[in-house]
Each structure stands twice: as C-alpha cells, then as structure tokens.
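*Asks:* Protein chains in written order, with my numbering: chain A, 1 to 490; chain B, 491 to 592; chain C, 593 to 1221; chain D, 1222 to 1412.
Treat the hints with caution; some may be incorrect.
[What the hints assert, rightly or not] Chain D regions said to be covered by chain B (calculated; three or more residues, Cβ under 8 Å): (1) 1232 to 1240; (2) 1250 to 1258; (3) 1268 to 1281; (4) 1288 to 1302; (5) 1309 to 1322; (6) 1349 to 1359.
Don't read these hints as lab results, they were simulated from the structure. Glycine included, C-beta positions come from ideal geometry on N, C-alpha and C.
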Amino acid sequence: MILVWMISILLTGGLLCWLAGRRNNELVKWIALLTLLVDFVLVGNLWFQHQGVVTSGASTWFIDYKINWIPSFGISFHVAADGLSAVMLALTFFLGILSVLCSWNEITQRTGFYYFNLLWTLAGITGVFVALDLFLFYFFWEVMLVPMYFLIAIWGDKNRRYAAYKFFIFTQAGGLLMLISILTLYFIHASQTGTYSYDYFDLLNTKPEPSTAKWIMMGFMIAFVIKLPVVPFHNWLPDAHSEAPTAGSLILAGLLLKTGAYGIIRFVLPLFPQASAEIAWWAMLFGVIGIIYGAMLAFAQTDVKRLIAYTSVSHMGFVLLGIFAFREMAMQGVVMQMVTHGISTGALFVLAGMIKERLHTRDIGQMGGLWTSMPAMGGVAMVFTMASLGLPALGNFVAEFLILMGTFFVNVPFTVIATLGLVFSALYSLRLMQKVFMGPPKEEKHLKDFSTRELIIMAVLSISIVFLGLYPQPVMDMVKGVVLHLTMRS
Amino acid sequence: MSFYNSQAVLIVAAILFVLGLIGVLTRKNIIFILISIEVMLNAAGLAFVAAGSRWGQPDGQVMFLFILAMAASEVSVGLALVMQTYHQHKTLDAEKLRALRD
Amino acid sequence: MHQYLFLIPALPLAGFLLLSLGGRHLSRKIIAWIGVGSVSAAAIFTIILGLQFLQAPPPEGSYTQTLWQWMSTENFSCAINLRVDALSLVFLFIITFVGALIHIYSSAFMRHDRDYARFFASMNLFVCAMLLLVLADNLVLMYLGWEGVGLCSYLLIGFWYETPANCHAANKAFYVTRIGDTAMAIGLFLLFKELGTLNIPEILQQAPQHFTAASPNITLIALLLLAGGMGKSAQLPLQTWLPDAMAGPSPVSALIHAATMVTAGVYLIARMHVVFQLSPVAMDVTAIVGALTLFIAGCSALVQTDIKRILAYSTISQIGYMFLALGVGAWSAAIFHFFTHAFFKALLFLAAGAIIESLHHEHDIFKMGGLRKKMPLVFWTFLAGAAALAALPLISAGFFSKDQILWYAWSAGNGSPMLWFVALAGAFITAFYTTRLMIVVFWGEMKTHIGEYPGRAMTIPLVILAILSVIAGFIEWPHNMVHLTLFSDLVQKVLPATMLQDDLPEEIVFQIIAAATALFGVYTGYVFYQGNKALIEEWKQSSALMQIRNFLFKGWAFDQLYDALFVRPFKFLTRINKSDLFDKLYNGIALVSRRLNQLFSISQNGSLRWYIVGVLIGIIFILTLQLML
Amino acid sequence: MPLLFYTSSVIAILATIMVITRYHPIHALLYLVVSFLAVAMIFLSLGAPFVAVLEVILYAGAIIVLLIFVVMMLNLGTDTATQEKQWLQPKVWIGPSLLALVLLSEMVILLMQGDNADMQVTPVEIKQVSISLYKEYIIALELAGFLLMAGIVGAAHIGKHKKKHLHRFLQEENLDAENKKMKQVEETVNN
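Using the sequences plus the hints, can you model the full thing?
*Replies:* What follows is the structure, given as structure tokens:
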C-alpha cells in the first residue's frame, strides 16, 4: 500500500501544483518539494525496514500489493517492491528533490504546469519501478513519457521542438514494440493456461516456443535498449539532453535511462531466460560498442550538455555489458552503475545548467578559466568529472570495477576493450574540465559562485557520490537477494 | 411462378451501377453527381433484392430498406451542403471546390 | 601504536578536507599550519610506528588494521585494510618524512600564490593517496591510491591552470598514466579470475601453488602489472609525460615526480615480487625496460637546457635503474636506490626550485651561471645532491645504492653482462650531465640578476635533505667492505634475498669500474664545459650532430611518434564523426518519409473526380486479380 | 413475367443513359423518375411488391422532389444547361467511361462465371420482411433511425443560412448598413 501512496502522492501533488500555479508561483515550488520529501521519507522508511535482509531461496519481495483493475481482461493493479525497486525508488525521489531545487529559479513561465509535468514524470518513473502487471507497466511507461515530452518541448532550449519530437518518436516506437510483445505474451499465456492475465508472476510461467520467445523478447529488448540507450538507437539522447531544461536533463540522465536497464533486469531476463542467454554475446558486443563509440563522440563535442549526454551513452554501455554477463558481481555492478551514474551525470548536467545560467551559452569554446571566478564550482566539477572517468573512491569506480571484473569471467576480449573505455573516459572528462574550468579566463566579467541553494544541491550530490564510492555495501546488500535470484535463474 | 436467369438481373444491376458511375465521373455539376449517386445506390439495392428473391429470403429487401434510409439521409445532407456551397462560392463546379487539396 | 595506523593517511586527508572546504576563509598562516602540520604529524606517527616496528617486530611481519568492509559480493570481497610491513614502512617513511620537508619548503615557496589553500589541499590529498597506496593490503585499495595519486599529480601539474600548456601537460600525464592503469586493471581482473582474491598476502601465498612457473597466465599478469608500473613510473613506452609534468610548481616535482609517486611502479613490482618471480619473461622484460629507459632518458638529459627537464629525465633514468634492479631480482637494491634517490632527487628539485624562484622563474640553465658565490647554501646542498646523483664513490648515498645495482645487474640470477654494460654506460652519462648541470649553473659568470634569496623555511629542508643525501647510504655497505646491511636486513623480511650466479669475477672489480666510470664522467663533463669549451662550439657547427642533439632534446621523438600514431588518428576519427554517423541514418529515414509525403501529396489535389477514379482503378485492380487467379 | 422484366430492364437502362447525358437538370430528373419507376417494375417482377412500392414513393417521390426543389431554389435553368454543354466534351467523358466499361465487362465476366441457375421467384411476404426487420435486424434498424435523425439534424444545421463572417474592420460598415435597413423597416412600419 505504501507504494500506491507514493505514486498517488506524486500525482495529486502534481495536480495541486497545476491548480496553485494560477495563483502563486512560490507556493508551487514548495508543494513540489514537499511532495517529494514526503515520498523520500516513505522510501527511506521502506529501506530501513527491510535493510540487510538477504533472503535466500525465499521470496525477495518486501511488499506485494494487488487489486483488480479490469478483471475481465486480466488486468490488475499490481505493484511490488524488492531490493532493486527500493534502490531505484530511493534514487528517484532523491534526484526528484534535487530536480525541484535546481529548477527553483530557472523556471519562470507556467510554473504550475511545469511542476505538474515534473511530478507526473516522476510518478510514471515510480510506477515503472514498482509495476508488476505488464499492462500497468506499459501504462506507467507512457505516463513517464508524455510529461517529459512537454518538459522538453515547452521549457527547453532553442531547438527544443526537434529534440522533443525525436525523443518522443524514438521512445514511442520502442514502447509500441513492447506493447506488441506484451500482448503476444498475454495471448500465448492465455492459450497455454486458458486464463487471461497480465500479471508478472503468471507470465513468468509462460513458456513460448523458443523461436517465438526470441521475437517477443526482441520487442521488449528494443524498447529498453532505446531507453538505455545502446548505440544504434542512441540518437534521441544527445538532442533531448542538451535541449531539455536542467531538471529535465537531470531526470532524463538520472532516471529515465535507468528504466531501460531496470526493464531488462526485471522483465527480459526472468521472462526469457533462454532467449536472453542466446543473445548475450550480441548484447555484450553492443554494450562494448556503446562504451567506445559514446566516448569517442563525447570527445568530439563542443556543446557541454551534448558532451555529457554522450558520456551517458558510454556509461550505459557498461550496464548492458554487465547485465548480460549473468554474474552476481557484474549485476551488482550494474545496479551500482545505475545509481552512481544517475548521481554523477545528473550532477554534471546540473553544473552545465548553472554555467549556462551564468554565461548564456553551452559552447565550450566560449568558456575557459572559470575556476578563477568560481573555485567552488570548479572543485565540485572536478569531483564529478573524476567520478565520470571512474576514479576510485567515487561511486562510479565501484560500479565499473565490479562490472568489468564480473564480465572478465565470461568474455575476456570484450572486457579488455571495455576497460580501454576507461582511457577514453579520461580523454573526454579531462577535455571537458580543461575547456571549461582551466585555461585563461575568457571574460573579465565577474561570475557569481554557488548560491546557497546551489551549494546545497552540489554538496548533497558530492557527499552521496563519495559515500557510495567508499561504502557501497548498503546498496549492494539491498539488491543482493534480487541479484542472486536473477543469476541463479539464468 | 416464373423463372429468370439470375445472371440477367445482376447484369442489369451492374449496368445501372456502371451508368451511375459514369455519371459521377463525367459530370462536374454537383447536382448531377448527386443524381448519379442515387442511380448507383438504386442499382445496389436492385442487386440486393434480386439476391433475396433468388433464395427466397427477406434479407435482401431489408437491406434495400437500409439503403433507402441511407440514400434519403445522404441526399438531404448532400443537398444542404450543395445549397451552402452555392451560397458561399457561387458555383456548383466540383472541380473548383478543391479545399481538400493538400 | 598500530591501532592508530589509520591516522597516518587520515591526518593528511583531514588536512585536505579542511583546506578544500574552508580554505578560502582561512588566513595564509593557518593554511600553512594545517597543510604542513597534518603531514608532519603523519611523519611523526610514522617514525614512532617505525621505531616500534624495528624494536619489536610483529611476529607475522606486519601490522594490520581493518577499517571497514568496502565491497563484498559473490566470492569477491575487499576491505579498507591498512597493512604495514617492512617494505611499506620504508615507503611510509619517505612519503611522510620527505613529504613533510617538502611541505615546509612549499609553505615558503608558494607564499605569493593566489591559490595557497588549493595547493596545500592538493598536496595533502596526494600524501593521503600515496599513503593509501603503500598501506593497502589489497590491490583494489592500492588501485584507489594509485589513481588517487594520478589525480593529485594531474591537479598539481595543472596547478597554474591559466596557462594552456600547463593544462596540456597535466592532461598528458593523466592520459598516459591512465593507459598504464588500465593495463593494471586488466591485470587485476586476470589475477582475480585465476586466484579468486585480490588480497595481497593471499596472492603472494597462493600464487606459487596455483601457477606453474612461466605459465602464460602468470606471465600475462606480471606484464600487465608491469605496464601499470611503467605508466606511473614513466618507463619506456610511457615515459613521455614526466618531462612535461615539470610544468607544475617545483615542490610538486620534488614530491610527486621525483621522490614518491613515480616510484609507485617500483613499489608495485616489489609488492608483487612473487608473481614476477614466477615469470622469467616478465623479469627479463622488466630488466630490459629499465635498462633501455635509463639509457634513453640519460641521453635526453644530456642535451636539455631546462633545469627541471634535466632533472626529470634523470629521474626517469634513475627509476630505470630501479626497474633494472627489480628485473634482475635485486629486490632490496631497488628499494635501497628508491630510498636514497628520494632524498637526493627531492633535494635537487627543491634546490632547483629555489634557484628558479631567485632568478625570476628562469628555467634555462644557460641563462644561469655563477651562482656558487651568490647562493652558497643552495650551491653546497645542490652539490650534495648532484654528487649522489652522479654516484661519487663513498661520499654519497647514491654511490652505495647504484653500485649495488650495477653489481647485481651482472651477478644476480637474472643479470647479464649486457645489462651491466648498459647500466654502466648510464652511470657515465649520469655523471656527465650532472657535472654539466653543476658547472653551467654554478660556475662561470652570472647572467641573470638574483631577485629574492630563499628564506629559512626553504633552506632548512634543503640542508636536512643534503645531509641525508650524503649519509643515507651508510646504512648499507657492500659486502666486501664493511659488513653493515641494516637496510637489506629490514627489507628482506618481505622481499626475497638476491640470488647470485656462480662463477663470478670479484666484486671489488665492479666497484672499481663503477667508481672509475662515475669519476670519468665527472671529468669528461668538466673537460667539455669548463676545460675546453671550444669543443662544444665546434660540435654545434656540425649539422649531423645537431640533428642528433635535437632528436635527443625531443626525448627521442617519442612525442612525435605517438602524436602521429595515436593522437592524430584519434582526433581525426572523432572529428569526422562529430555529428554522429547514426544521426545521418535517422535523418535519412525522416527525409525519405518527407519525400514520400511530397510524392503522394501530388495525388491529393482536391479534385473529387480524381479521387473517384482512384477508387475505380482500385476496384478494377482487385477484380482483375480475381479474374487472373 | 419475364417479358415484364426484360422490357422494364431495357427501359431502366435507356432512361438512366438519358439521365447521365442530359444537360438540363430538370430533364435529367424526369428521366431519373422513369428509371426509378422501371426499377420498381423490376422489383415487382422479382416478387417484391413492398419494395417496389417504396421505390416509387421514396425514390421516385420524395428524393426526386427534394432534388427538384433544390434545382428550383438554386434556379438552375438554361444557363446551367449551356454550361453543362460546354463541360461535357468528349475528351472529358471518354476516359472515365472507358474505365467504367472495363469495370462493367469485368463484372459481367465474373457474373457469368457464377451461379447460372434459373431462379424461381418466390414472392417474399411483407410480413416476413417486417418480422426479420424487427427481429434480426433490430439493431441495424435503430442505427438506420439514428442515421436518418443525424441526416435531418445535419441537413437542418448545414442548411441554416449563416451570417457571413466579417473582419472586425469591416464590421462597422456592416453595422451602418444594418442600421439603415432597420430604419427603413421602421419607416415602412410607420407608414
């Protein structure tokens, strides 16, 4: 029931924001912030209740809540949380709070509608992370998409329309393929058992023909892989990230991409163990291609946000690589990567947003020497570029190290190439740092360093990335049950 | 009791239909087009009735009734549109009414 | 005492945190106190710990302190564990003690700098990371320190970030060492795959049982680890970053790029000596890399004109000696050379820094000169360091360590006359360029006016280091002279003793040759730069010699080679693909659909009859199909 | 009875040909009446008297009347006829006619291939028709009712004489004109 509360708090909070937006713009921000804080407290409560419980053999689900929705079609409102969901929920609300904070002064037009969209996107993401009915999952998948489209299309940068269309068309195309797969699975399940059900646990027992299973899986896979994104399907990402408002980029990079990875872990692997084992080699190949290709593109960019966006492509390659290694270690690394990438790349986007607020440009060529006037920002940027290149003691290292070490057992050549990605990540990260913060200062104009609000945002992010780098064990314990369950199955 | 070649009836219906079609295709005046459409509907109804007779079932005639209803409403709406068109554009030339163009 | 082990890295860390978070609001004095104090306190702790260790050696040979579990999953688990044994103790001592001296020196050296706090924050962080590197009891934690020192090196090389060249140097240092680090990471993966642990004592214990000697996997592991060491220690294929790294402030060069960080590779190999011993190929490669490096870098040092670049090349060359010693199996000799080298090279850099500062940031040695009289203290301390670098027999620490290496290069289990000969040539070159440096800088006439003389905070560390550069060698004497082997006794608790070949010439012969070579080098240098200056002028006329000189000056043109081989192709590739190939694909799809739209919209011309004809043709088509089939 | 069928078929076809070739709308409509009546005769000969009656009343009666009204309201007379004459050039009608004839020939061929049986005309009682109309086709009947309803409402709505939409700059003139009109009306009333 707590999960339902989380979603409905977000939804009502969003509506309240919209309503309040007609009267008072200040109130809206506080409503949004409060909504997310309440949810964060809820998920914190959930976390501490189930902390350290490594269930072996028994059910890994903490909470399982199910009521009928449209029983005649076998659709139910089925939400549940296990360790993986708990981690992702915590990340969602954490970044949600920060996204509200970082749009505090940035958004001045249609504030009410903005926060409505923000909260509804978050509600969709929350739903995706807890839904266990495939129809419900698809529903939330779309709920997450549409408000995001508005966030980009209304509050974005100059080229926002194009970016929003691209984002929408790519993800929608994937979503529709997934819908086809869900329906196929649904009917196959019905023909095998005679009952119509979209329920995850029912569908787990469905055994489609291997050849059919492959195609159904591809439907799911393509949807998730577009979201992730993996190289041939990544083109929406740089445009969407660079044009979206800061909070939009933060949510896109921090959360939306993770829904893809979550989907693969939650649905593709358990539903199609056979088929996913068959494509493992290819998936890992695409992961490796993504790592290298994304890094090379990131190196070439001159737009700060585009550069950061391509680093996401590179980092998400690790996720794909790790998932299809089917090793506990790699899977732990994948979860860590999802969390830490959310924090580190999110932080970089927030920084890029702050720079843009001050300089009114995203072009690297027009920056330089910012450290002189903004030493605090420079220091924080250093922390996160270092996180992005996988410096130990910061969260991303733990993730990438575990993924690579886990993968090494499975496929040595791929791991070696992926490890070379670490060199490339150094190339683009340091280039970013050098072009933006180092070198001779471009302008004499005095730029303001962090305000208190910005300082709070960045301090929270920095502390969390360092904490995850030095003591990742709580997260790892949290998902241990799920990961064990998964790797045992496959 | 009398006997017909069932094909003959249908061929007559087909001829009438095609004549209506030729009307629709060749005339530019909307009034004539509407008239031709009536012919075509009528031909279709004839085919239905013929089929009903062939099998001794009432369904053909029922269908004719529906066609009739449709023709009636079609012609009333269509004529209202013709009136409006004429008032607004002062022409009945279908070739000049090209607002549907892309 | 050892329960306070964590304080040794924690104190500099605390210093870093204080300075980086609150540095802007503190006065310079407090900043200096925090920065210097944290490292000095760590040094004091280290010395107490060391004394305790020496007095009552722990039965298992090490102190261990577990702080917390870092990560644990599947069969992999690693903790933040600190461990001190004899080897780490030597490194600890150098890092904290030399580090503290350098910090004291820099409190004066950097006094005018705007980013005083940032400097000390980075230095403290470096000390912390370096301490973690040597204290780590598992390779992952060591990797943390390893990358951490890389970061600090990057930060400090690019300390004066407003000059683009400094940033490039910093980036280059990071990139090149990162290549080595990546190889090392792969080595760790392979090691874990084979042994299922990354805990250093466990690895050392299990490796001999698990691997047969010279099996391909162990060779591969050793080579990958060696590659990591080559990156950090600026050995042959990855040495190009170190000369450029001199863009950082001089104390940074002294601490990071001479005394401590660049010897991390030596530490790594010594730490993993069991792995290396199992693989003769890797040992040979190490020795050959070391020998080649010491020769190549020494040659480059011959012709440099920037005082810090001379010292940088000599550092590369001296680390080459250490690698050579490691490669031939003379473990303790390598560590001993590290020990003495840390003193005299730090000294040289600090003294060079003092000179550079006094001469208004003049780096070119040919614009210096005649400083012997003007800066006597710097001269005498520099002389002590230079003597050690040139390995003047018996009166310098460098002689004792280098002589050992030369001897073992021939006599140790893996040694060979060839290696010995290269090392000897290197010794000659070293003596030669050291003499050149001394003469050009301190003799002759003054060419630049002296601005500010170094203050006491700068001279005291110089004096202490100068004394150590002379006497540090006396704790370990060659066997055939005085039987005093304090250092190797200590280190051999961890590292195996050096195996000697049978049937060797007398050791004294080698010692005499080595001493003679050093002296001959000094003499040649004197002849060229003081006795017969015309010879150099004559040589400068010859274009062939000048080409060789330029080739050496550019560091054997490795930079140009890598630029052509890797940098430019990579930049080219990324540039042509800047707008993303796949974007073209999707734009192409969009374009095709737009074109199709245009094509089909011709049919949508608004003519009613046209549409009906369309329907008619459709019907006819279907009926024709019906008829045909 | 076959005779009845054949003669009325011929009449229907001839009349329809006349319909589509006339220039004057009223002439065409009159031929259309003939065509409808002939078809009604065919229905009769097929044993469907009820449908025949409906054909006469609704098609030949109501729908034709509607069309005639419209023709009269729009005052389509000789002008239209001359215009039609101009429009109906051979190059306009030959192409479509040929296509339509191709369609006809295909349909005829298809029909000849099919059921060739002589059919026995069994008159279908009105009662039967009514029963099936109100039993099996009740939904369709209701839908037909909706359709007619929609047709009426739609025709009424569309046919309503709407005011021309005027731009606001032009509205003043328009108001003036209306005011004048109003005054005139008042004056006439007063007079």
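*Asks:* For every hint, state whether the structure bears it out.
*Replies:* Structure-based check of all given hints:
For the segment 1232 to 1240 of chain D, the stated coverage by chain B is satisfied: 5 residues place a CB nearer than 8 Å to a CB of that chain, which reaches the threshold of 3. A count of 4 residues in the segment 1250 to 1258 of chain D with a Cβ less than 8 Å from any Cβ of chain B is obtained; the coverage claim is therefore met, three being the minimum. Against chain B, the segment 1268 to 1281 of chain D contributes 8 residues with a C-beta closer than 8 Å to a partner C-beta. That satisfies the three-residue criterion, and the hint holds. For the segment 1288 to 1302 of chain D, the stated coverage by chain B is satisfied: 7 residues place a CB nearer than 8 Å to a CB of that chain, which reaches the threshold of 3.
For the segment 1309 to 1322 of chain D, the assignment as covered by chain B holds, since 8 residues bring a beta-carbon within under 8 Å of that chain's beta-carbons and 3 suffice. Under the rule that three or more residues need a Cβ within less than 8 Å of chain B, the assignment of the segment 1349 to 1359 of chain D holds, with 6 such residues.
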